[in-house]
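Colleague: Protein chains in written order, with this note's numbering: chain A, 1 to 230; chain B, 1001 to 1223; chain C, 2001 to 2264.
Source of the hints: derived by calculation from the structure; they are not laboratory data. Note that the structure is a prediction, hence the values are computed from the model and not measured. Hints should not be assumed to be uniformly reliable.
In silico lysine to any residue, SDA-like type, Cα no more than 25 Å apart, as pairs [unchecked claim]: (1) B/1117 x A/52; (2) B/1117 x C/2119; (3) C/2080 x B/1129; (4) B/1047 x A/207; (5) C/2126 x B/1078; (6) C/2147 x B/1133; (7) B/1039 x A/52; (8) C/2119 x B/1133; (9) C/2080 x B/1149; (10) C/2125 x B/1131; (11) C/2119 x B/1129; (12) B/1117 x C/2081; (13) C/2089 x B/1132; (14) A/52 x B/1149.
What follows is a list of derived Cβ distance ranges for each label pair [said to hold, decoys possible]: (15) C/2140 x A/146: 37 to 45 Å; (16) A/206 x B/1148: 30 to 38 Å; (17) A/220 x B/1002: 44 to 52 Å; (18) B/1187 x A/117: 32 to 40 Å; (19) B/1056 x A/133: 48 to 56 Å; (20) B/1056 x A/86: 35 to 43 Å.
Using N, Cα and C, we set each Cβ at its ideal position, and we do this for glycine too.
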Amino acid sequence: MLFGFEWDLSSPLAFALSILPILLTGLLVTLQATVVGFALALVLGLVWAVLKAAPSRIISWPVSVVIEFIRDTPLLVQLFFLYYVLPEYGIVLPAFMTGALALGIQYSAYTAEVYRAGLQAIGADQREAARALNLSSARTFTHIIVPQAIPRIVPAMGNYLVSIMKDVPVLSVVTVLEMLNVAKIVGDRTFDYLIPLSLVGALYLITTLVASAGVRLVDTWLPKEGIPLK
Amino acid sequence: MHWTEYFGPLAEGAWVTVQLTVYSTILGAILAFASGIGKLSSNWAIKAVSVAYIEVFRGTSLLVQLFWLYFALPLAGMALGIDLRLPPVMAGVLALGLNIGAYGAEVVRGAIQSVHKDQHEAARALNFTSRQTLWTITIPQAIPEMMPSFGNLAVQNLKDTALVSLISLGDLTFRAEQIRNFTQDSTTIYSMLLVAYFGMALVLTALMRGLEAYVSRWRMAGS
Amino acid sequence: MTDPIIKFDKVVKRFGDLTVLNKLDFEVQRGEKVSIIGPSGSGKSTVLRILMTLEGIDGGVVTVDGEPLWHEKAPDGTLKPASETHLRKMRTQLGMVFQQFNLFPHMTVLRNITEAPVKVLGLSKKEARQRAEELLELVGLADQAQKYPGQLSGGQKQRVGIARALAMRPNILLFDEPTSALDPELVGEVLNVIRKLADEHDLTMLLVTHEMRFAKEISDRVCFFDRGRIREEGTPEELFTDPNEDRTREFLAAVLDEAPGTTG
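Chain A with its partners taken away, still in its complex shape (with noise of 0.2 Å):
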């Protein structure tokens, strides 16, 4: 038993049956996780991209590295770091959260890189064409800036929210009770690992799938009427 629902051992499609509800609760958790640690990843990322755009040599190169360093090391072991490191020095996390901050960091390096190539896809042509017509910067940013880098940004993001999501699997080092994690709790208890894994491997086919496809529906949705994307 586990969660409140027991499983019904007589024939694998009774246990297949009688497990999902159990899977579909840590379904719940992934999809938690994943969008926790997305925000978190959107958030930071703009933060890492807007230092490494600093006029300044003294902020932007040691940022550069910084983000070189988490894209370049492994989420589990960036997550072990968090999970080991901070309590040390009296930062105490529950698991769901240093797991969704671990996601959210990783993930931080790679969306640094699709603002910053956004925002440079649209040339100094544009912010010359602005100062010619005398807008101020603020304007320049908003009417002109980012209107024209959200189409470029959005579908990249959609694919790195689908990566996430395939990710979240790791945390269950640390005791989160995703999808995986219980199944293989299943596994453990049943003595049965082929049909929990196996679910497990369908329903993230599913998830993934729905997931493009809504990227790419919130991609069609968006206006980028005249605007140039290569």
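Based on the hints, put chains B and C in the right spot on chain A.
Modeller: Just chains B and C now, with coordinates in the frame of chain A:
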């Protein structure tokens, strides 16, 4: 245990990580070419197998794939009466290679399709068969196009090898975990571990850049 | 006259709703040098692309050396659409020089010329190399064999393109606006090579071009294409000095006015 004594076991683990990365990247590259080309095949069976492989391995999580190969596959084998128990190294290389190969397949497909139609027309005018066109005209021109993405995937693969520690394979992360359990010196050991991966990633990136320059020699010539 | 080497019999070609060739009848004799001129979009290049089997046809029959190009004779004598095997056999007769050169950028000049003779014709590397060196001599690029296309000027690239097509020993050589992508000062070197070929070889040559003076100089016959048909054809003297049709006159007046011919 003084922190300098960590180097020995970590070096052993790092060597396992390097081997895992090399073998699985090679396996991944083979699968990427096979299924990337297969996806463009006019033979529907080849195309279907390629698309199914790519979608399944891109659509699910690497850790799920690894656990499935390590924990579930032997049970599936038992049901069929075959011994499908994989040693951890095999399961690790297979999961990593299958996973990275599916991502690489899209890179291969995209690069092949990016070769200009003029090149196909020239090949047709010179009476090359479609197979000769693929191997002598299209793929050699597509490879430099693939290299930046392959570089990123190789680093991704290096990072992903850390997951095999979860099926008790003695890689770098596994060794670090052992030391931490023994010494409880989390800050030092994990800092060292992060730096070790960072260093390996930098070396791997440099190697991939070198390879990229080598396969793009003709692009550097003139123009 | 003997049997024509190329024959278009009521050939129709459509791109979507647009009819590019409208029941075109067109013949070329063995060894003849024919230039095709006309406004853009008139279907000139399409004629060459159909012959090189880069575009299929939607009606009529194209014959090359007495054999249908896009059809095969079924056992009962009727025509059925050509298989790839048939097309490959027919293609051995033809060679093409492209507007954008279409050289293989990842191969040296020498390999651009030897690759197809080795792989397709089955020549030994040594024979192919010898043939390539002769052809490079002919186009005046003997010293450029080891360079990559990216290192050559446009005019040099096009001369390699000509050598590459000739290396397959075609009977018919198709030139699709061979100088249109070139800077004006490089046009001459390419036209000189084509002129040499026209003078010294009994190749059948079909040339789509905007170089009116050059067309006049090398052609046995000039065809004026307009809206998918041959509006007027004749010897260069007839067509250029005394065209019958108003359309031809208008076209010639327009092009001769704006492009004072660079014939090198």
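Colleague: Decide, hint by hint, whether the structure agrees.
Modeller: Now the hints, each set against the structure:
1. A threshold of 25 Å between alpha carbons decides the hint, and for residue 1117 of chain B with residue 52 of chain A the separation of about 40 Å lies outside it, so the pair is violated.
2. In summary, the hint linking residue 1117 of chain B to residue 2119 of chain C is supported, as the alpha carbons are separated by about 21 Å, within the 25 Å threshold.
3. In summary, the hint linking residue 2080 of chain C to residue 1129 of chain B is supported, as the alpha carbons are separated by about 22 Å, within the 25 Å threshold.
4. For the given pair, residue 1047 of chain B sits about 24 Å from residue 207 of chain A by alpha-carbon distance, which is consistent with the 25 Å threshold.
5. Restraint check: the Cα-Cα separation between residue 2126 of chain C and residue 1078 of chain B comes to about 59 Å, which exceeds 25 Å; the hinted pair is violated.
6. Between the alpha carbons of residue 2147 of chain C and residue 1133 of chain B the distance comes to roughly 22 Å, so the proposed pair stays at or under 25 Å and holds.
7. Restraint check: the Cα-Cα separation between residue 1039 of chain B and residue 52 of chain A comes to about 39 Å, which exceeds 25 Å; the hinted pair is violated.
8. Among the hinted pairs, residue 2119 of chain C with residue 1133 of chain B is consistent with the structure: their alpha-carbon atoms are about 10 Å apart, no more than 25 Å.
9. Annotation: proposed proximity of residue 2080 of chain C to residue 1149 of chain B is violated, straight-line Cα distance about 46 Å (limit 25 Å).
10. As the CA atoms of residue 2125 of chain C and residue 1131 of chain B are separated by approximately 20 Å, the hinted pair is consistent with the 25 Å bound.
11. A C-alpha spacing of about 9 Å is found between residue 2119 of chain C and residue 1129 of chain B, which places the hinted pair at or below 25 Å, so the restraint holds.
12. Pair hint residue 1117 of chain B plus residue 2081 of chain C holds up; C-alpha atoms about 24 Å apart against a cutoff of 25 Å.
13. For the given pair, residue 2089 of chain C sits about 16 Å from residue 1132 of chain B by alpha-carbon distance, which is consistent with the 25 Å threshold.
14. Taken as a hint, the residue 52 of chain A and residue 1149 of chain B pair is honoured in the structure, with Cα atoms around 23 Å apart against an allowance of 25 Å.
15. Against the hinted window of 37 to 45 Å, the Cβ-Cβ separation of residue 2140 of chain C and residue 146 of chain A comes to about 57 Å, which falls outside the hint.
16. A beta carbon spacing of about 32 Å between residue 206 of chain A and residue 1148 of chain B agrees with the range 30 to 38 Å that was offered as a hint.
17. Distance hint check: the CB atoms of residue 220 of chain A and residue 1002 of chain B are about 60 Å apart, inconsistent with the given range 44 to 52 Å.
18. With their beta carbons about 35 Å apart, residue 1187 of chain B and residue 117 of chain A fall inside the hinted range of 32 to 40 Å.
19. Roughly 52 Å separates the CB atoms of residue 1056 of chain B and residue 133 of chain A, a value that falls within the hinted 48 to 56 Å.
20. About 37 Å separates the C-beta atoms of residue 1056 of chain B and residue 86 of chain A, a value consistent with the hinted range of 35 to 43 Å.
Violated hints, listed in ascending order, are 1, 5, 7, 9, 15, 17; each of the other numbered hints is respected by the structure.
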